[in-house]
Structure formats: structure tokens, C-alpha cells
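Protein chains: 6
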Amino acid sequence: MRADGREAQELRHVHIETNYLKHPEGSVLISVGDTKVICAASIEDRVPHFMRNTGKGWITAEYSMLPRATEQRNIRESSKGKVTGRTMEIQRLIGRSLRAAVDLESVGERTIWIDCDVIQADGGTRTASITGSFIAMALALAKLHEKKKMKKFPVTNFLAATSVGIVPESGIVLDLNYAEDSKAFVDMNIVMTGAGQFVELQGTGEEATFSISELQQLLDMAQNGLNQLFEIQKKALGDIAIKIMDNAEAKE
Amino acid sequence: MRADGREAQELRHVHIETNYLKHPEGSVLISVGDTKVICAASIEDRVPHFMRNTGKGWITAEYSMLPRATEQRNIRESSKGKVTGRTMEIQRLIGRSLRAAVDLESVGERTIWIDCDVIQADGGTRTASITGSFIAMALALAKLHEKKKMKKFPVTNFLAATSVGIVPESGIVLDLNYAEDSKAFVDMNIVMTGAGQFVELQGTGEEATFSISELQQLLDMAQNGLNQLFEIQKKALGDIAIKIMDNAEAKE
Amino acid sequence: MRADGREAQELRHVHIETNYLKHPEGSVLISVGDTKVICAASIEDRVPHFMRNTGKGWITAEYSMLPRATEQRNIRESSKGKVTGRTMEIQRLIGRSLRAAVDLESVGERTIWIDCDVIQADGGTRTASITGSFIAMALALAKLHEKKKMKKFPVTNFLAATSVGIVPESGIVLDLNYAEDSKAFVDMNIVMTGAGQFVELQGTGEEATFSISELQQLLDMAQNGLNQLFEIQKKALGDIAIKIMDNAEAKE
Amino acid sequence: MRADGREAQELRHVHIETNYLKHPEGSVLISVGDTKVICAASIEDRVPHFMRNTGKGWITAEYSMLPRATEQRNIRESSKGKVTGRTMEIQRLIGRSLRAAVDLESVGERTIWIDCDVIQADGGTRTASITGSFIAMALALAKLHEKKKMKKFPVTNFLAATSVGIVPESGIVLDLNYAEDSKAFVDMNIVMTGAGQFVELQGTGEEATFSISELQQLLDMAQNGLNQLFEIQKKALGDIAIKIMDNAEAKE
Amino acid sequence: MRADGREAQELRHVHIETNYLKHPEGSVLISVGDTKVICAASIEDRVPHFMRNTGKGWITAEYSMLPRATEQRNIRESSKGKVTGRTMEIQRLIGRSLRAAVDLESVGERTIWIDCDVIQADGGTRTASITGSFIAMALALAKLHEKKKMKKFPVTNFLAATSVGIVPESGIVLDLNYAEDSKAFVDMNIVMTGAGQFVELQGTGEEATFSISELQQLLDMAQNGLNQLFEIQKKALGDIAIKIMDNAEAKE
Amino acid sequence: MRADGREAQELRHVHIETNYLKHPEGSVLISVGDTKVICAASIEDRVPHFMRNTGKGWITAEYSMLPRATEQRNIRESSKGKVTGRTMEIQRLIGRSLRAAVDLESVGERTIWIDCDVIQADGGTRTASITGSFIAMALALAKLHEKKKMKKFPVTNFLAATSVGIVPESGIVLDLNYAEDSKAFVDMNIVMTGAGQFVELQGTGEEATFSISELQQLLDMAQNGLNQLFEIQKKALGDIAIKIMDNAEAKE
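Protein chains in written order, with UniProt numbering: chain C, 1 to 252; chain R, 1 to 252; chain B, 1 to 252; chain W, 1 to 252; chain Y, 1 to 252; chain E, 1 to 252.
Wrong hints could be hidden among the right ones.
[Unchecked claim] Using 25 Å as the maximum straight-line C-alpha spacing, the simulated DSS-like pairs for lysine-lysine come out as follows: (1) W:K82 <-> W:K148; (2) Y:K82 <-> B:K183; (3) B:K183 <-> C:K82; (4) W:K82 <-> Y:K82.
[What the hints assert, rightly or not] Stretch-level coverage of chain Y by chain E, calculated; a stretch enters the list once three of its residues show a Cβ under 8 Å from a Cβ in chain E: (5) 95 to 105; (6) 129 to 137; (7) 168 to 181; (8) 195 to 205.
None of these hints come from the bench; they were simulated from the model.
Don't be surprised by glycine CBs; every beta carbon is placed ideally from N, CA and C.
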């Protein structure tokens, strides 16, 4: 049993409020335990310089935490005048992950901006951001598709992320909260498609290491957690989920 | 009648959710119509350089908008690497206003950090930030006072803000929404104490001007709106409101 | 009587040297007591992005102090690599104010850059900047008008600024110097047109408040001071003043 | 066979020149095929703020490319005034990896600065940086140990990094060069200790995905490559390698 | 004859207004033809980090141009957020030059801040800055010496700067104005002490070159101009000049 | 005799490795004693804004030191987020110098980017950068000329740089190393063409001065050193040197 009463292989309670904001094309408020992230998807009718004249779209993400999302107040990155390495790493991860679940040619020369703003943090903000942003993005693209701006609905499969790790006393556990994460020997984030394919795998043994057999157990536990997250995404997306499942089947 | 159906002298619906966040000493989610701001108050046990050894506390504010708080996505200030003039002006206004409602000597050498993060914007974000931050600050200071960290509860009176303006077709109106604000001839923000004293008065006739008699009408209408906001603050603060009223009476 | 021997309702000595610099289209050195500001107006034949294809011009201002304009040396903003909030607030105020005295359609798609460089500071640098910049701008626009680059001389009325405040021992006073400003309970800047209309009204009770009747007295005193400043502007502008008065009358 | 004539499981030629620079405590020039990185280790007798009074040391890395390390000239990060997300990600990875091979308590309150400067790039600059920096760091720590500044030689095991990936036409390959990397479906960097334990595992399917069985093959191939790199490190370090092997054995 | 009617070896008219500003310890407005620079000297009772505990003082300079000091408006360096290479070069030159005319041990652990603000530019702003700053600095140090804060008056000799160059049609000329400077083949700045010793010599043949015999003629002409500038400095400094001459003689 | 055993008029050992890097159009590794600089020349088919439509090319240089090029580790300029004044000064000097040895009209509307990266520093990094960059640039331009992209080979003469100085105990010496440079009374950098014409002359007496007769001796000694450097450049450039000599003769 873990400090918060969960079993090793148990996810925290996940709650998703779709269309949380009035202005964005797609938005959700995702809660994973006490971690809460507002994910917004915006669509811009042009692509960055390096994608021009390719006929393909682009997905880019920005991530930020409110200063008091955390136990101790953090200095605002706009006040510091620069974005930390951690933020950049997360932003790149979110963008890269989402691009693996979208047919960018069907999107056409458009940029999908993903904004993940963590309003409360208790571990797993990057994985919650990916899981939530996928829904915000699907909502935005569905709106565009309904308006006949795209021939094909471009989301090719579900995509979600979770963490697994090795934690003192608890051993191998799923979906670490902040207390677990801050003392973990090994911390791994896994991004996967609804087809059970890896998109990203980032395992870190900060001042520690892990063996191939531990890796195998970590991946199994992650797979179980991700299957539950795909179900939650399906429920949140309603009819749009059907379109995604159709696309996923067609691809196989 | 105004475009959204309100009377000229009518406030938008105001809703306040206290203790909205888990970590900060005080926090609220304030909604004024479709404008939504998370206000958090953090207490740090030291003061900025220019206040050291004065025995007095300090209150400072930071203000930011989520990129998709608005109709069009705004570039994140942390990405730009600098804070705009508009943001700085608002931050200074919020800090200055709150300092007028607090006995800084009773606070002692502490800094109260106010974070106002606009998650949805529809006009009046700076006045909603002041009205909401006052409550978040009072909650944080009450917690400190209960822990006997201060001899005296230092909030001296209620403090709220609203806007008035002169709008084409509607004339003089209270609490402008974004559509009204963007076409207003005259725009005025008023910060007032529960005793009806002015703290800040900022009237701007962007490419327009206003007469002394128009000023008089604007101020009257603002006073009415502010009285309603003080009532809402009282309700939200419960027992803490009684302490504030006691302080306000003692001061007279 | 005030510390510097002035009556409560007395302006400091104002001196204006027109065409102070060789290169700018318009320039003045304005002295208000010991406060000295070089104001330069430059005309650029294009407008910022948000004004393109509107057929209208734009006025923008920059404000800076020499490091030893003040008693203690200030760090140069170019060395710090960023502009302070105070500077941004003043720059925005100057630009906004001047735009209220100019018919931007007559200006056409041009930008008027106003540079206010404080070479000596003794309180009231922002109001001296506005009063002086108005003259520099009128000189520059008159030059353009003489060259037949504009059909109509676009300055619609005089525009000046002053401060009033409530100061310990002295009470309500006009045109605060630095010593008065730094201890004032209430500080108010008023920008007005030659027609007696308000353009900007910014009253601040830093850690203090003021009543409606005090506001009335402050505004009356400001009006008197501003009338004297309009006379000084008229004298400094000579024939150009006549054009402005013609425009002002035509507007009524 | 691959475009450069290598077999799928073949490393590029690795050459290490120890003590390449005169001034640093430890340095190497590592070449992995056409990729060349200067790695320097500097020792500072204090730790960053967050490590003070812990009795432990810290290892931090900086990574940079010369502008013409690449086919097309890159803008210098010092000219841009900021470090890119990619650079930050690599810096954090190098630092984190090296910390897993060092007993930071034995280091004491010192910082080991690792500088990786890529003078020529042909893919795999981050893995070459880790493999080379490990040697530079061991050289620097050995020097300190010889001077009796530390009781125990603190390097606990060998540590090296390589890449594996899935490349069109070639399939699963080891140690990708730039041409392979830029078209790879899947790209994975593995950092491992001499004991065969994972330190970091970062697999990315940019706009692609990979299965669990592909992951297994990738990891096997990486393990083989890493074993060769450990041998190269042993040879380069001479007597110091013996100290490391002793520490590694003692730990088991 | 030159375009402005001067002989080849003729300086422009030099005018110096001492104590031009109210607040600084020393200040001048120096005009060299149409070039006008405000030079201010401030004294701070501490030295930069690298001079601590040396018992010696330091002199550092900052240089800036008003945006409309020039024919075309320049972007303000504070708006750009960084100082140009040209500005840095000039700042370093001014500081280095002045340090050669002061006995830094007599100054004690103090910093002399020199601020050179060009309000109008017509060539030779850096040499005018040095010539003027020398006077501002001497005024500030004399004030300190009178207050018995230093045992010895620390200015060891006069110090001035001028330019010489080779200009199409005019040949070798003294004290180039902007028109001459912008088309010169060779441009040389010379900083010299009252004893005729070189402090700085910077000759540049931008896209051109010069011979040793041309160098000889340039230096002779500069020497003549500098002798006149020393006389102007003497006159401006009055009694302080006598102290400097005493120091200069004692040194020989 | 000097501390490192050299005679006063003796250069350090100079070694040049041409085509040191794989990617740039031209590159060298130049060693002058223990000072080692990688110089790379890149050719871009466009010119900066201020050179457009002039039909002429441009040469611009960037200079940087690896953090451990020096005895003490320097903070990386990319981490500081800005380039120091010293770096800017050197960059400007290198670019200006090289432009004097090239017929920019023959280059056509192209930019030659020069990157000088100091990998080890022992004094004279800026002069080694100029001497080495000249070769890298000539290599790059020769490649372009061979490809018939230019009618005329545009390098008009050899160009090299060295330093001379007055050093305690040693007196007037050539090619100062770091130990000499850091205690020199006078330090002078001379850039000269193969025809014995000055391009740049920068003499500095930091807290010291020098006479005209000392200047004469410094220049003579520099001339001797530069003649040796021209011979080294000729040898390194092989056939390209013949083209340069032809151009130089044609110019006379």
C-alpha cells in the first residue's frame, strides 16, 4: 500500500471537463488526483518557417505552471525573462508526442498550438498535459472537420501518457504523485498510442540505475494504466472517439 | 439597454470560490461575467531590499493571462522573454491598491505575493483581479493571524475595484465587458475602500476626452457598483469580514 | 507657504527652448523648476503593424532618465537590459495623451516618435514630458504641413499636464516638486485639452485614500495650473498656435 | 549494409585523445566517426545553492556546438542571447547521467563542471559527449584524489552512451550518423553503467511509433555497442580504470 | 579648405559649461562644433568585485546617445534590451583612458562612474566624451579632496582626445565632423596626457590602409590639436588646473 | 631573455592546419605557442540589410572562447545571455581587418562569416584569430573562385596581426603570451597587409603611457614579426598564395 492508500498498479482519480474555456477551439481541465492542468488547442492558418510549402501541418506546445501551483511559490518565467530547461524539455515532449497521433498531411498548412497551464501540481504534470491535450486537440480538429475545412479527420489513434517508477518502500508503482516522484530511484514517462505502440519512453535513474527486468515490469504496469486512460479519453470525446477508432482500424 | 441585456448601472454576475487552490495560503477563483481570474496570496518571511529594517511588510502583485484567455491567442510573455507595458502597469496598480487596505506595520517584515492569473478574459480583468485578490489576501492574513504570527489582524477595510465608461449608443455604463471596452470613448477604473474613499482613479479618454460633469456621473455610478462588490466580499469572507469591519470602525 | 516658498496654487517657473536640437523635426528643452526634459519629435513614413491600411497615423513615446538626472545615480536601463515598469507606464501615458490632441486621419500613415529624455529630475517629469512633447510634436507636424505633406494641420487643440496632491503640512498643492511628491498622501496627474476636457486622470493614494470633496478641490487647482501652461505653450509656438486655435474653434 | 558501409550492429570508429587541453583538470577530444567533441572537466570548490550544507558534491554540464560544426552554419547561441530547448535538454541529460556514476558524498562540497563543445557534428553528439565526458571527469577526479583532496576515489563504475534506431531500408541499427538520424522512424539514446544497468533510456518515435518487440531488439543492440565503449574507456584511462573496476566490484 | 570652411589642422569650436547639472558631483556640457555631450561624474564608496581589498579605486564609464542625437532616429538601447558593440567599445575606451590620468591609490576604494550622454552628434562623440569627462571627473575629485576625504588630489595630469584622419579631397585633417568621418579612408583617435604621452592610439583603415609616413603626419597633427584642448581644459578648471599642473610637475 | 626563453623580437612557434573541419568552405586550426584557435569561413549568398543592392559583399566575424580555454573557467556567453564588451570589440576588429584585404565588389552580394573559436588561450587570441581567419577566408574564396562563382579572385593581399608591448623587466617585446600581457605597461595590436601598410593600430597604456619614440620601436618590431607571419601564410596557402601575390602586384 502506498502513502495515499493506492495499490501499486492503481491510477489516481482522473476527471476531465471538456470545453472548459470559452475562446479556444478545444479545451479541457484535466485533474489527475490533485494535479490540475488547463489544456487549450488553438488553430492558426499558417505553419512555422521550416514547414512552409510542405503541404503539412504542425503541432507545437507550450507548458507553464502558475507560481502557486506548487507547495513553494515559483518565480514566474515571464519575470525571469527566460524559460527553464525543464519547461523546454516538457514542451518539446508534448509537441512531439501529439504529432505521432495526427496525420499532418490531412491537417494541411496549419499550426495547432497546445497550451498546457498547470494550475495545481502534485506530480505527473507532463503526463497529465499530454493526456489532456490530446482531448483538447481532438475537439479542435473535430470542429474544423465539421466546418469542412479538412477532407479527413486527422486524428489517427488515441494517445495518452503516464508515469511509472521505483519508489523506496513501495517498489514499482504506477502514476507517481509528487511525494513519490521526489524520492523515486527511477522515474519513467511513457507515451503510447491506443494501438499499444510506444511514442516516447523516457526512463531516468537520477543517481540510481535499473535493470532490464525492472524495465520489463515498469512497462507492463504502464501499459495497464494507459489502457484505463484510453477508456477515459473515449468517454470524454463521445462521438469524436468513434471517428478516431475508425481511423485507427483503417490504419491497421 | 446594453448588448448583453444589462441596464447601464448593472454589474455582471459575480461569483467567488474561496480556497480554490490547495497550496497557497489564500486563493480564490473570481468570475465577473465571463472574466475568470485565479488569485493566489503567498506569504514570504522577508521583504524586498528597500523595505528592510523598516519593521513594515510589503505587498507585491504579478498578473498574467493564459494565452487562450482571449479570443485570439496571445504570445506567452515567458516566450517573448519580457513582460509587456500593459502587464507591468496592471501589476503595479494591483500592488498599490492592496497596500492601501492593509496596516503594513502589523504585517511585520513579510512580503505578500499576489498572483493573478486570468484564465478567461472578457473585459475588466484588472478590476476583477483587485476585487478577488483582496479576498485571497484576507484569507492568507487571517490564517497567519490565527497562528498568532501577528498581534493584530492587519486588513483595515474592504477594497474593491470596478470600471465605468462612456460607450457609443449605451452612454455611461458600469462594469464594461470586452466588447464595450474596446469601443469605449472613455474608460475609467476606480479602486475604493469600504469607507467610500478613493484609492486609485484612472480615467482615460483614448483619442477622446470627457468633461467634469461626465466625470461626476461616472464616479456616482462606480460608487453604486462598488457597494455591491463590498457586500459580495463580506459574504465570501464570513467571519473574517467581521474582523475587517471591526478594524474599519476602529479607524473612523 | 511651501518649502520652496511657493503658494499652494503656484506653478514652478516654466521655461521652453524650442528647436533645441539640430536633427529632429521638432524639439524642445522644457524646464519646470529644476526638472529639465529634452523632448524630440521624429516622423517616420510608416505605421506599426496594427495600424497598417487604416489610413491613420500613430503617435508613440519613449521616456528615459539620464543616470544622474537624480540625487542618487540610477542604473541605466540599457545596462539592465530591460525597461522598468515605471518607464513603461509613463511611455504609454505620454503616447495616449498626445493622441487625444491630434486628428490621426489627417496625419496619414505616419508614426510620430516622441523621445523624452530627462536630463535633470525634481518631480513632475511625466507631466513636463507631456507639456513639452506637445510643443515638439506641433513643431514637427507644422513643418510637415508647410511642406504640403498633409492637407490639414492635424493638431486639434492644446494639451498639457500637471500634478496636484495632498502633502503633509502644505495640504492641497499644485505642481509638486520631488520633495513634496515623495511624501505626498495623494498624488494626481491630470492631462487636459485647451478646451478644458480631461484626457487622463490618474489619482493615487499610496497607502492613503481621498474623498470626493478632496477630489473636487484637486481638480479645480489643476485646472488653474493648466490654463497657465496653455498660455506658455501658445507663446512658445507663435504662428503655429494660431493654427491650433483655429482647429479648436472649428471643432466646437 | 548501411550507406557508410557499416553493418547494422557496428559502431563507428572511436578515438579518444586524453588531456587534450592544457588548462582543465581533465579533458579529452573524442571522435566517433566524424563527430568530434572536446570534453573538459573543471572542479570548483563550492556547490550550487540547493546543495549547500548537504556534504555532497554536484555535477553539471554545458553543451555547445561551434557554428560550423554542421553542414549549414548555425547561429551562435551567445548571439541569439539564449540557449535553445535542444541544448538545455542535452545539458540536463549529460549532467544527470554522470551523476549516476559518481559517489557524490565522496566528492564533498565541490562542483564538477563538464563542458562539451562539439567542433564537428555527424550525429550522436550527445552520446559522444557523455562517453567522452565520463573520461574527462575521471581524469579530473583522479588528479584530485592523488592530491589527497578526497578520501575515496568517487567514480563508482564506467558509464557510456550510444544510440540505436530504426532507419528506412537499414532497419534496426547501432550508432546512427547524421544522415541516418535525420530520416530515422525511431531514435533511442541509452546511457548505461559498466554493470549493464540503465541510467537513461530515451526513445522517440517522431511521427512514428514502435512496438515492445522492437524495443527489445533495440536494447540488445545498444548493450553490445556499449560493451565495446566500456573497453575503449578502460584503455584510455589506464591505471584510473583499475580504480573504477575496484569500486564497481566493491559495490556489487 | 574643408567643407565647413576649416583649415586641415583646425579644431572645431569647443565650448565647455561646467557644473551643468544640479545633482552629480561633477558635470559638464561639452560642445565640439555641433557635437554636444553631457558628462557626469558620480562617486560611489565601493569598488567592483575584482578591485576589493586592493586599497585602490576604479573608474568606469557608460556612454549613450539620445535617439535623435543623429540625423536618423536610432533605436534606444534600452528598448532593444542590449547595448551595441560600438557602445561597449567606446565605454571601455573612456574608462581606460581616464584611469591613466588618475592615481587610483589616492582615490582609495571608491568607484568613479562617468556618464557620457550625447545629446547631439556630429562626429567625434567619443573624443569629446573623453575630453569632457576628464573635466567632470576633476571637478568631482576636487570636491572630494576639499572635503578631506582624500589625502592627495589624485589627478596626475591633463588628458584629452581628438581624431585625425585621411579624407577624400581634404587629405590629412584634424577633428573630423560626421560628414568627413563617414567617408574617411583612415580614422584615428588619439588620447594623450598633458605631458605629450600616448594613452590610447586607435587607427583604422576601414577598407583602406595607411603607411608609416602617413601615420607620422597624423600623429603630429593630433599633437597640435591636443595642445589646444589642454589649454581649454585648464581654463575651464580654474584653480583645480593648478593642482593638476603641480601633480604633473611632481611626477616628472 | 623572456620568461619562456624567447628573445625580445622572437615570435612564438606558429603552426597552421588547413581544412581542419569537414563542413566549412574554409577552415584552419592555428596555434601560436599555446594559443589555439579554430577559424572557419562560411559563405552565405546574401548580405546584411545595410549592404543590399550595393553589388558588394560583406565580411563579418564572431569570436568565442571555450569556457576552459583559460586557466580559470569562464562563464559561457550563451549562459549569460549576452556577449561581453571584450568579445564585441574583438569581433568588430577581425571583421574590419579582413575587409581591408578583400575586394568586396568582386565578392558580389555574399556574406563571408568568420568564426573564431579559441580552444586554448595563452595571450594573443585576437591576433591569432586574424592571422588564421585570413587563411580560412582565402581557402573559402578560392573554392568559390574555382567553381566560377566569381570572375576575379578577390583577396588583394596577405593580412596578418601580431602584438607588441612594453613589459616589466623584458622591455619592448614581440608577440606577448598571457603572462606578459597581463603585466604589460603598454599593449599594442597591429594588423598589416603584405604590402607593409597598416590596417589597424591599437595601442593601449592601461594605467600607463608611452612616448613617440617608444611607439617607433614598437612598430619596427611588429613589422619584423608580421613579415614572418606572411611567409607562414604563403606556405600554408600553396597555390592560392600565388593568386594573392598576383593580385597584390597588380594593385601596386
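Right, here's what the structure says about each hint:
no., hint, result
1, W:K82 <-> W:K148, "violated, 40 Å"
2, Y:K82 <-> B:K183, "violated, 35 Å"
3, B:K183 <-> C:K82, "violated, 37 Å"
4, W:K82 <-> Y:K82, "holds, 13 Å"
5, 95 to 105, "holds (count 4)"
6, 129 to 137, "violated (count 0)"
7, 168 to 181, "violated (count 0)"
8, 195 to 205, "holds (count 11)"
Against the hints set out earlier in the document, violations occur for numbers 1, 2, 3, 6 and 7.
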